[in-house]
Amino acid sequence: ILNVEQSPQSLHVQEGDSTNFTCSFPSSNFYALHWYRWETAKSPEALFVMTLNGDEKKKGRISATLNTKEGYSYLYIKGSQPEDSATYLCALQTGANNLFFGTGTRLTVIP
Amino acid sequence: NAGVMQNPRHLVRRRGQEARLRCSPMKGHSHVYWYRQLPEEGLKFMVYLQKENIIDESGMPKERFSAEFPKEGPSILRIQQVVRGDSAAYFCASSRDPMGEQFFGPGTRLTVL
Chain A
3 ILNVEQSPQS
13 LHVQEGDSTN
23 FTCSFPSSNF
33 YALHWYRWET
43 AKSPEALFVM
53 TLNGDEKKKG
63 RISATLNTKE
73 GYSYLYIKGS
83 QPEDSATYLC
93 ALQTGANNLF
103 FGTGTRLTVI
113 P
Chain B
89 NAGVMQNPRH
99 LVRRRGQEAR
109 LRCSPMKGHS
119 HVYWYRQLPE
129 EGLKFMVYLQ
139 KENIIDESGM
149 PKERFSAEFP
159 KEGPSILRIQ
169 QVVRGDSAAY
179 FCASSRDPMG
189 EQFFGPGTRL
199 TVL
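Listed in order, the protein sequences are those of chains A and B. If you read the first sequence in this note's numbering, its first letter stands for residue 3, the second for the next number, and so on. If you read the second sequence in this note's numbering, its first letter stands for residue 89, the second for the next number, and so on.
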């Protein structure tokens, strides 16, 4: 069992603010780092899969970076909108195929 | 192309009964994963199956839990003689390839009375 930690646990931001949160993981046995967006009563939706140190991925206003040597990934949201409100999960994929999830960051964007 | 389907969405059982949870993977996906989310906890891996084979069951409790993914039909997670501690949300995911991106279903919320 690998310990994947996410911070903060929850976050409230005003509409239009930019925000970011962190995923920390043990850097040994790294294969890939996944970010998911999870809205209440829906399925977790894949945002990014990152494998290389220094990877940066972007989808619209959301982007993520990866540092495998120090064991962390950041997720950034630029100009937050109410529809961005969700729980953001990161998951570490090791040599095996199962994913080790963090407990998530719950984002609330206040209109 | 329909996503991962799970049924039932909600299941209520009394202690000692059996629970059967079903997962139909996305079309073209032959790899299925089951995860469990206990109250106030994150998603935890239970078992990984490929058609007719269990590949990794390291996260599954040794007793009362079993999983299968037959040649035809959905994957089944079976919990025998349920106890209150089994109350959780059970999520299924599928992928096309062994190390491919996993797509999640909406989950089954099991409540044991």
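A portion of the hints provided could be inaccurate.
In silico contact screen, one side only, chain B against chain A (beta carbon under 8 Å); selected entries [claimed, not checked]:
{"no.": "1", "residue": "E140"}
{"no.": "2", "residue": "N141"}
{"no.": "3", "residue": "P149"}
{"no.": "4", "residue": "A176"}
{"no.": "5", "residue": "P186"}
{"no.": "6", "residue": "F192"}
Ranges between beta-carbon positions, derived for each pair [stated by the list, open to error]:
{"no.": "7", "chain 1": "B", "residue 1": "E128", "chain 2": "A", "residue 2": "G62", "range": "28 to 38 Å"}
{"no.": "8", "chain 1": "A", "residue 1": "A43", "chain 2": "B", "residue 2": "M114", "range": "38 to 48 Å"}
{"no.": "9", "chain 1": "B", "residue 1": "I164", "chain 2": "A", "residue 2": "T96", "range": "32 to 42 Å"}
{"no.": "10", "chain 1": "A", "residue 1": "E41", "chain 2": "B", "residue 2": "R184", "range": "22 to 32 Å"}
{"no.": "11", "chain 1": "A", "residue 1": "E17", "chain 2": "B", "residue 2": "E140", "range": "48 to 58 Å"}
{"no.": "12", "chain 1": "A", "residue 1": "G56", "chain 2": "B", "residue 2": "R166", "range": "21 to 31 Å"}
{"no.": "13", "chain 1": "A", "residue 1": "N69", "chain 2": "B", "residue 2": "S146", "range": "24 to 34 Å"}
{"no.": "14", "chain 1": "A", "residue 1": "N5", "chain 2": "B", "residue 2": "R197", "range": "22 to 32 Å"}
{"no.": "15", "chain 1": "B", "residue 1": "Q138", "chain 2": "A", "residue 2": "S20", "range": "33 to 43 Å"}
{"no.": "16", "chain 1": "A", "residue 1": "V15", "chain 2": "B", "residue 2": "E160", "range": "33 to 43 Å"}
{"no.": "17", "chain 1": "B", "residue 1": "E140", "chain 2": "A", "residue 2": "G56", "range": "23 to 33 Å"}
{"no.": "18", "chain 1": "B", "residue 1": "K139", "chain 2": "A", "residue 2": "T24", "range": "18 to 28 Å"}
{"no.": "19", "chain 1": "A", "residue 1": "Q11", "chain 2": "B", "residue 2": "I143", "range": "39 to 49 Å"}
{"no.": "20", "chain 1": "B", "residue 1": "M187", "chain 2": "A", "residue 2": "E41", "range": "20 to 30 Å"}
Hints are computed from structural coordinates only; laboratory data are not their basis. For every residue, glycine included, the Cβ atom is placed at its ideal position computed from N, Cα and C.
Hint-by-hint comparison with the structure:
Because the beta carbon of B/E140 sits about 17 Å from the nearest beta carbon in chain A, more than 8 Å, this interface hint is broken. For B/N141, the interface hint is violated, the least distance from its beta-carbon to any beta-carbon of chain A being 13 Å, above 8 Å. The criterion of a C-beta within 8 Å of any C-beta in chain A is not met by B/P149, whose closest approach is roughly 14 Å, and the hint is violated. Evaluation of the B/A176 hint against chain A yields a violated restraint, the C-beta minimum of about 14 Å exceeding 8 Å.
For B/P186, the shortest C-beta to C-beta distance to chain A is roughly 6 Å, which falls under 8 Å, so the interface hint holds. Here the hint on B/F192 is kept, as its CB sits about 4 Å from the closest CB of chain A, short of 8 Å. Range check, B/E128 to A/G62: about 31 Å between beta-carbon atoms, so the 28 to 38 Å window is met. At roughly 20 Å, the beta carbons of A/A43 and B/M114 sit outside the given window of 38 to 48 Å.
Distance hint check: the CB atoms of B/I164 and A/T96 are about 27 Å apart, inconsistent with the given range 32 to 42 Å. At about 24 Å, the beta-carbon gap between A/E41 and B/R184 stays in the expected band of 22 to 32 Å. Range check, A/E17 to B/E140: Cβ separation about 50 Å, and the 48 to 58 Å hint holds. Taking 21 to 31 Å as the suggested C-beta distance range, the pair A/G56 and B/R166 does not conform, at roughly 44 Å.
Distance hint for A/N69 and B/S146: a CB-CB separation of about 28 Å, consistent with the stated range 24 to 34 Å. About 26 Å separates the C-beta atoms of A/N5 and B/R197, a value consistent with the hinted range of 22 to 32 Å. About 42 Å separates the C-beta atoms of B/Q138 and A/S20, a value consistent with the hinted range of 33 to 43 Å. One distance hint, 33 to 43 Å for the beta-carbon pair A/V15 and B/E160, is violated here, with the actual separation near 48 Å.
Take B/E140 and A/G56: their Cβ atoms lie about 41 Å apart, and the range 23 to 33 Å is violated. Our hint of 18 to 28 Å for B/K139 and A/T24 is violated, since their Cβ atoms are close to 38 Å apart. With their beta carbons about 33 Å apart, A/Q11 and B/I143 fall outside the hinted range of 39 to 49 Å. As the Cβ distance of B/M187 to A/E41 is approximately 26 Å, the hint placing it in 20 to 30 Å holds.
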